[in-house]
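Chains B, C, D, E and F: place on chain A using the hints.
Residue numbers (this note's numbering), protein chains in the order written: chain A, 25 to 248; chain B, 25 to 248; chain C, 25 to 248; chain D, 25 to 248; chain E, 25 to 248; chain F, 25 to 248.
It should be emphasised that the hints constitute simulated quantities derived from the structure, not laboratory data. All of these numbers come straight from a predicted model, not from anything done at the bench. Ideal Cβ positions, reconstructed from N, Cα and C, are used throughout, including at glycine. Just so you know, not all the hints are guaranteed correct.
Using C-beta positions, here's what the derived DEER-type ranges look like [stated by the list, open to error]:
{"id": "1", "chain 1": "D", "residue 1": "69", "chain 2": "B", "residue 2": "39", "range": "24 to 34 Å"}
{"id": "2", "chain 1": "D", "residue 1": "234", "chain 2": "B", "residue 2": "209", "range": "27 to 37 Å"}
{"id": "3", "chain 1": "C", "residue 1": "210", "chain 2": "F", "residue 2": "217", "range": "28 to 38 Å"}
{"id": "4", "chain 1": "A", "residue 1": "40", "chain 2": "F", "residue 2": "228", "range": "20 to 30 Å"}
{"id": "5", "chain 1": "C", "residue 1": "241", "chain 2": "D", "residue 2": "234", "range": "55 to 65 Å"}
6 protein chains.
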Amino acid sequence: MSQNSEDAALFDVLHHVTTDSLATVLIKKGLRNQWVKGPVPLGANFPRTVGRAFTMRFIPVREDVPHAHAKKLPVNRDAVEAMPEGSIAIADARGELGAATFGDIVVYRMVKRGVAGIVTDGAVRDRAGLIASGMPIWSAGITAPPPAARLMLAAWNEPIGCGGVAVYPNDIVVADADGVVILPSGLAREVAELGAEQERLDEWQLEQVKRGVSLPDLAPMKKG
Amino acid sequence: MSQNSEDAALFDVLHHVTTDSLATVLIKKGLRNQWVKGPVPLGANFPRTVGRAFTMRFIPVREDVPHAHAKKLPVNRDAVEAMPEGSIAIADARGELGAATFGDIVVYRMVKRGVAGIVTDGAVRDRAGLIASGMPIWSAGITAPPPAARLMLAAWNEPIGCGGVAVYPNDIVVADADGVVILPSGLAREVAELGAEQERLDEWQLEQVKRGVSLPDLAPMKKG
Amino acid sequence: MSQNSEDAALFDVLHHVTTDSLATVLIKKGLRNQWVKGPVPLGANFPRTVGRAFTMRFIPVREDVPHAHAKKLPVNRDAVEAMPEGSIAIADARGELGAATFGDIVVYRMVKRGVAGIVTDGAVRDRAGLIASGMPIWSAGITAPPPAARLMLAAWNEPIGCGGVAVYPNDIVVADADGVVILPSGLAREVAELGAEQERLDEWQLEQVKRGVSLPDLAPMKKG
Amino acid sequence: MSQNSEDAALFDVLHHVTTDSLATVLIKKGLRNQWVKGPVPLGANFPRTVGRAFTMRFIPVREDVPHAHAKKLPVNRDAVEAMPEGSIAIADARGELGAATFGDIVVYRMVKRGVAGIVTDGAVRDRAGLIASGMPIWSAGITAPPPAARLMLAAWNEPIGCGGVAVYPNDIVVADADGVVILPSGLAREVAELGAEQERLDEWQLEQVKRGVSLPDLAPMKKG
Amino acid sequence: MSQNSEDAALFDVLHHVTTDSLATVLIKKGLRNQWVKGPVPLGANFPRTVGRAFTMRFIPVREDVPHAHAKKLPVNRDAVEAMPEGSIAIADARGELGAATFGDIVVYRMVKRGVAGIVTDGAVRDRAGLIASGMPIWSAGITAPPPAARLMLAAWNEPIGCGGVAVYPNDIVVADADGVVILPSGLAREVAELGAEQERLDEWQLEQVKRGVSLPDLAPMKKG
Amino acid sequence: MSQNSEDAALFDVLHHVTTDSLATVLIKKGLRNQWVKGPVPLGANFPRTVGRAFTMRFIPVREDVPHAHAKKLPVNRDAVEAMPEGSIAIADARGELGAATFGDIVVYRMVKRGVAGIVTDGAVRDRAGLIASGMPIWSAGITAPPPAARLMLAAWNEPIGCGGVAVYPNDIVVADADGVVILPSGLAREVAELGAEQERLDEWQLEQVKRGVSLPDLAPMKKG
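Excised from the complex, chain A in its bound form (with noise of 0.2 Å):
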């Protein structure tokens, strides 16, 4: 499918980009606020991950709403089997570390659909598990109890706050050790192109820095 032709030629351009230098070209373009501020990776050696969004709303659980507190693997094992390969599921879970969105059997069945990387600003819980499940994911904390102490999956694949920025069903999520970013969908493959572009600028100061050039003295890149 050339969709997917499309999302791979950009997906690999994205894998050789800092989330760094994607919020540094963001800002310049006028997009401020793409950094999600909470999450961080759970592991020490996730490579960087790159998907479209599949975004999952959480509030506040209610005690009389049927099956909230029912089980183990509440409402959200439907998401489970509507997100596409290759997607990054990404949970606005308003920052709530008292419960978590994500445990270690759901994220099991996420690997076997090809999911590709974990986005939440609340907690996850089973860290041992969730490491040895090579699922690459961004959390706001570690916690026990499951989703049902405090949230309910209120619906899915509609537009989210995620750590104070905005995330669109379909847009690209990236995350790496400096945490996560957020490509507007219209955007990414512009602001892909100038962050490739800010990483050879990068590159290319940070040999001179290392030759000994002060940093007023660096010369600018040859465009081109």
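Quick look at chains B, C, D, E and F alone, frame taken from chain A:
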């Protein structure tokens, strides 16, 4: 319409029940998280206000979204025109105090449409104008910047979280000097009746206390 | 009783010393952390209030503790009956604003018992009733849910922390428009006297400033 | 002096423009972060207040710094004597609420010097005295301890941050019931004029709304 | 002693149950607030740790309290000598991160006494020494200052709050990579058994998921 | 230069004293607030780092300030070229985690200049690059956006606040696994010597504890 006359009877009961008694009754029914954290009354003398929830969901603003910054009255003008008479507009503003979720022009229009009240876990602006409008408002802060400084209206009439509480469209919102309590739609009548009974119990106890009865000696109220 | 007449003389001095002057004097004596963070006066016109501390210690509620959820007036009814006339009830509520530490029935009983005032680093409820009771109250918030929503009274007349300050039973609590200051029992008389002197110094300085003297030219006050 | 007459004309315009309209105009000009988070008016009836910024920068207190604890009126007495008539003293207090940045003696002296107003992202003390002084004050809290409990004045007339906003000496500070907005000195005249135009637009829209026009049907205002 | 052999059997079960499963079971039993917010494991490889709670209650330091500032090992040295073998010391430090609740000398002594673990919602210090001691520790932060910088030990073996959870002396504390869960003493055996069953259910589900079963198709586990 | 040889001797002592012992000694000397709240070591194996403070002061970014958004290496490039060999750059970033105060290019240049370490109460970015540079860094967070997203460098070599502590230029900064402590310049030698003595006392006590001595029985160390 029978819905309306049912509501009128229900609201009539609720106008005489404090949010304290409702919170007490809700906890006894197993609903422990129905008081909305954050919003306080903007004015000193608002009457107790009761209505069906018209939910509004805000997300962080993004500069590339068309019209996000264009106007003082952004997309929420459409939401306002959809609000039923007697409803209470309740906004999930994610606790954002650096931008208003409501200002005076919008609120004057809501007065014209017969909206009964406003609740937001964010901020409002035009304090003087809002007071002059006569609209009862519960907000978590006062601010000067317009919504577009930080927020976009993403949707309305969806389940939301507001001040840490789940709110579904058509839930009953009750607001008074002690804040805002949410009654799940299906439980509202029962809670209202138990709340009225709780009021009578409180008055009975208060009367005894004023006569000098100690707390351990308070006589139980005869039911019936 | 001589204790009482001593207290009466001490309190008489303290009724004319601002919490500002007391805080200033305490710092000079090496006590740098005696102002209680959080509580503000519930009403606009409370007089300066002085009394011996009757401490109350709340902990998070637990559902299996007998009677934790049973009543509007939980175990603190026994505490109330133990409060001496003229004391100030001061509650360590751990900053919890989602449940009240005091409501109107309890407070009316405290009025009957001659309790002089209430301080809590949590919340109170029944705002209108509390104002009507005439009890001077300093709290960190207003709420609707009863204590049992979040808190249990664990003990009274123990050393506590309130708003970041250590409070021992029988410490002197002084509360006015600028908040609440705790005087350690053993230092209270000395601090009161120094505070009264500080008041005279402030008035002397203020009088000069009103006459147009610049701050560097303020004459020192003759001790006398 | 022409500077003063220019300022007088500018301030005259600004006295009739709300901080809301200014914040709206500033965002349209690309300045998205000019509303000061935290300070609210200490009194209920302060007029809109406008003046050039006299910046003050506080840092945490250190016990070995000479005179850090010595007096109620520490080094800021020199700062006060340097404040120009008509200026607004605006303090970077780092959000510290456990010590006052201003108290009554200092403020009475500022009244004598013709200072137009006070803004702090920290606290003030001597609430009653401050209200009696007539000085319009916007602060983030009320406290009892003196500055030396937590803070030292490090410098004045330097660029500061206050409530999350950059403030340069001689920027224009506008404060009203909705809070405090900072106008960069070089943009003040243009923003004031656009603000006045925004006021007229708002009044035009409000008038229509009061006549019953719906929000989508609001007629655009003819320019000129 | 039979108490000890009972505990040994109970702890043996609990060593094989995750805090996740315990939190899930507790919620099903109606105890929704048993996960301690704040503490995380200080070291990467601590085993799951189980023991009876030895509670410690800290309050803010006060300079006039005798010995409050005198020593690196203040009054908590007496508490340490009262800790039973196999207990877990759990401290209510009020979330204070600017002073340690435990340092290396105290912890080495606790190792000698056979204390099984440490939990604090405050901070610890001497990171390297603590790791070297081998004691499993869950804390909310690392700091350098001694307890006396901010805290005093007020009491031990009293009911406390820790990280938002009620803890009574002799409650069961279970701590692992996902944090700390408190089992009320009277419910511990039942919860442990249900927790073990929950573990088997999780493993059963996980095995199916690894084989490729979708979440909605997960077969229920046969009981017994 | 004698200054340097004096510093060398002082730093030699301090390299063998923990921040814990320094914090303990400082409190005994009446300096109760010298531990910097927020910064933690970026890498696991940094040596204890000691140097004179090169202070940097950031304020919130403003869009109209020339070059505020122009470059990845904003005005702090001049600051970097002014840093003396062996100094520690310490930044007052106001706790801002949404923008970096340092990134890899700047830090590589600081390595070239012989800067001994970096402390910020804000965030850094380019985690991998920073680790690779070998520079010891203490920061309060990791982020992706460049400084210009939220911050501007306002000045250097001024008194600042960092993590709630006053820092003057040329104060001594000591950083290790337990965080960062500031020694006032004039007290550094005395504190270092007392700190070394405190270390010996701790070792003496620790040795006794390892031999099984109880805490109350710890023998006092003979002063030598």
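Enumerate the violated hints, using their earlier numbering and listing them in ascending order. Violated hint (a single one): 4; every other hint is consistent with the structure.
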